[in-house]
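Participant: For the sequence shown, the positions run 1 to 129 when the working numbering is used.
Honestly, the hints are just simulated from the structure, not real lab data. Incorrect hints may have been included.
Label-pair ranges, simulated between beta-carbon atoms [what the hints assert, rightly or not]:
| hint | residue 1 | residue 2 | range |
| --- | --- | --- | --- |
| 1 | Gly-101 | Glu-26 | 16 to 22 Å |
| 2 | Val-91 | Glu-39 | 17 to 23 Å |
| 3 | Ala-57 | Asp-112 | 20 to 26 Å |
| 4 | Pro-93 | Ser-113 | 26 to 32 Å |
| 5 | His-128 | Ala-9 | 31 to 37 Å |
| 6 | Pro-93 | Ala-9 | 30 to 36 Å |
| 7 | Ala-53 | Val-91 | 14 to 20 Å |
| 8 | Ala-53 | Gly-119 | 32 to 38 Å |
| 9 | Asn-55 | Ile-104 | 30 to 36 Å |
| 10 | Arg-115 | Val-40 | 19 to 25 Å |
| 11 | Arg-115 | Ile-92 | 38 to 44 Å |
Note that CB positions come from ideal geometry on N, CA and C, so glycine has one too.
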Amino acid sequence: HVRAAALAALPGVPSIADGTGPAEDEELACLLLVGVHDEVEENSNAAQELWQAANAAVPTAYITTMVNAVTSTSGEVQGAAAAALASAAEVIPSSIGDALGRVISAYEDERDSARVGVGRAIKALAPHL
Numbered sequence: 001h002v003r004a005a006a007l008a009a010l011p012g013v014p015s016i017a018d019g020t021g022p023a024e025d026e027e028l029a030c031l032l033l034v035g036v037h038d039e040v041e042e043n044s045n046a047a048q049e050l051w052q053a054a055n056a057a058v059p060t061a062y063i064t065t066m067v068n069a070v071t072s073t074s075g076e077v078q079g080a081a082a083a084a085l086a087s088a089a090e091v092i093p094s095s096i097g098d099a100l101g102r103v104i105s106a107y108e109d110e111r112d113s114a115r116v117g118v119g120r121a122i123k124a125l126a127p128h129l
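All chains, please: the whole structure from these sequences, using the hints.
Facilitator: The following block contains the structure:
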């Protein structure tokens, strides 16, 4: 419900409403891409509409934000972030090695939930290696 409420509020943000948000804010673009890959169809559709309306693109500096999302305590966020990370790596193939390295480094986080997210990200990245 929280992700759905956040996505519903985004069209009212001035930088998104005028179509400049994701282009100027790489973290916002990354989080919106995570939303595009949300496991809840309504959330995914809402994020996809925002992504297209804002004419967003994968930022070149996507890795840190995506890896942080992959290590979330929420399994749904982890899944969406892992899929978004793989999608971004596919768009920017030269970044796949760095993305994988950062994901593996995130395994040092001793939280079990973070390590599950790392495993999901490695699985999502594997077809692109």
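Participant: Would you mind marking each hint as holding or not holding in the structure?
Facilitator: Do the hints match the structure? See the list:
1. At about 19 Å, the CB distance of Gly-101 to Glu-26 agrees with the hint of 16 to 22 Å.
2. Between Val-91 and Glu-39 the CB atoms are about 21 Å apart, so this pair conforms to the stated range of 17 to 23 Å.
3. For the hinted restraint 20 to 26 Å between Ala-57 and Asp-112, the CB-CB distance of approximately 34 Å leaves it violated.
4. The hinted window of 26 to 32 Å between Pro-93 and Ser-113 holds, with their beta carbons roughly 29 Å apart.
5. The beta-carbon spacing between His-128 and Ala-9, approximately 33 Å, falls within the hinted interval of 31 to 37 Å.
6. One distance hint, 30 to 36 Å for the beta-carbon pair Pro-93 and Ala-9, holds here, with the actual separation near 34 Å.
7. As the Cβ distance of Ala-53 to Val-91 is approximately 19 Å, the hint placing it in 14 to 20 Å holds.
8. Separation of Ala-53 from Gly-119 is about 34 Å and conforms to the stated range, judged on CB atoms against 32 to 38 Å.
9. Under the hint 30 to 36 Å, the C-beta atoms of Asn-55 and Ile-104, about 33 Å apart, fit the expected range.
10. For the pair Arg-115 and Val-40, the supplied restraint of 19 to 25 Å holds, since their beta-carbon distance comes to about 24 Å.
11. Between Arg-115 and Ile-92 the Cβ separation comes to about 26 Å, which falls outside the hinted range of 38 to 44 Å.
Violated hints for the displayed structure, listed by number in ascending order: 3, 11.
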